[in-house]
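Per the numbering used here, numbering through the sequence shown is continuous, rising by one, with the last residue being 390.
It is possible that some hints are incorrect.
In the DSBU-like style, the derived pairs of lysine-lysine whose C-alpha atoms are separated by at most 30 Å in a straight line are [to be verified]:
| # | residue 1 | residue 2 |
| --- | --- | --- |
| 1 | Lys256 | Lys385 |
| 2 | Lys176 | Lys113 |
| 3 | Lys286 | Lys256 |
| 4 | Lys176 | Lys121 |
| 5 | Lys121 | Lys140 |
| 6 | Lys110 | Lys176 |
| 7 | Lys140 | Lys176 |
| 8 | Lys110 | Lys140 |
| 9 | Lys256 | Lys217 |
| 10 | Lys121 | Lys110 |
| 11 | Lys385 | Lys217 |
Distance ranges between label pairs, derived from CB positions [as the list claims (entries may be wrong)]:
| # | residue 1 | residue 2 | range |
| --- | --- | --- | --- |
| 12 | Gln221 | Gln169 | 43 to 53 Å |
| 13 | Pro212 | Ser179 | 33 to 43 Å |
| 14 | Asp306 | Glu245 | 23 to 33 Å |
| 15 | Ala376 | Ile333 | 45 to 55 Å |
Honestly, the hints are just simulated from the structure, not real lab data.
Remember, predicted model here, so these are calculated numbers, not experimental data.
We put the CB at the ideal spot given by N, CA and C, even for glycine.
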Amino acid sequence: MNIKLLKAFVMLAQKGNYGEAAQALCVTQPALTKQINLLESMLNIPLFTRGRHGAALTPSGQQLLSEAEKTVSQSEFFLQHAARVAQGIEGFIAIGFGLSTFYTAPHYIAKFRQQFPAISVTLEDIPSAEQYALLTRGELQIGFVRVPPKAPLDFHPLFEDRLVLVVPQDKTRGLDEWLKHLPLLRLYTERGRGLNAQIDLFLQSNQLYASAMQEVEDIQTILALVIAGIGVALLPQSVVHIAPPTMNIIPLSGNHLSWQVGIAWNNTMADLVRDNFIKMVASE
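Starting from the given sequences, assemble the full structure and let the hints guide the process.
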């Protein structure tokens, strides 16, 4: 069914006059007459009676009017929705984040929601390596990741993160002494592959060795074990905000301490919502 014909039917029913209806539709009166005649021919139903006082709905026209109005309204809503989608101000975006963006990602998402309240957002804690795969397949629109990814993914840097030493109490000990005194706590490889690789690189390049290591499930567990005096940890500076004030956080020096953190996306796939998110982040 041609929506233009239904619009003509609805407008003429509302105005009751061909001249006024044609003017409202921005068409000539003969063109409107032709549209109404065509619709009546298609339906095989007379919709209007014509008289000196204009056009009046027939009983059949009265029965069909409400459904025609609904259809026209739905078509206008669809066009409005399509226009918002085309501008990237309505839709959906899936975002991943990791340890280094525990606070950064929610900050940007909150700001994005203020600017684009009609966009649905999902946020999931995913290791960077897995985010790269999801971005490449188009299952993730934005990834807050550590280190720039390889092509075809693009990258916009946000800040530089670095390792710090987290110990249970404020005692004057060097890193090598702590590593001899208590086990080094770290995430399971499946959970912290990137962080563990950074830690290993730092230790090896600075000729440091841990006397023992213990792997755990998450950062909160690491912090709890450090507080209990069970071990020490090398963690990103960006996540120590969740550490309690009783915990001692020690800056480090040496090689391979820092890395870039930013957002990654797959620019080979068109996505206006994603592009609006990138513009917002880049502007800040």
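Each hint, compared with the structure:
1. Lys256 x Lys385: Roughly 21 Å separates the two Cα atoms, so the pair holds.
2. Lys176 x Lys113: holds (11 Å)
3. Lys286 x Lys256: violated (38 Å)
4. Lys176 x Lys121: Cα-Cα ~17 Å, so holds.
5. Lys121 x Lys140: Measuring from Cα to Cα gives roughly 17 Å; hence the hint holds.
6. Lys110 x Lys176: holds (14 Å)
7. Lys140 x Lys176: holds (23 Å)
8. Lys110 x Lys140: holds (12 Å)
9. Lys256 x Lys217: Given that 30 Å is the threshold and the Cα spacing comes to 28 Å, the pair holds.
10. Lys121 x Lys110: holds (16 Å)
11. Lys385 x Lys217: holds (12 Å)
12. Gln221 x Gln169: 43 to 53 Å: holds (46 Å)
13. Pro212 x Ser179: 33 to 43 Å: holds (38 Å)
14. Asp306 x Glu245: 23 to 33 Å: holds (29 Å)
15. Ala376 x Ile333: 45 to 55 Å: holds (48 Å)
Violated hints amount to a single one, hint 3; each of the other numbered hints is respected by the structure.
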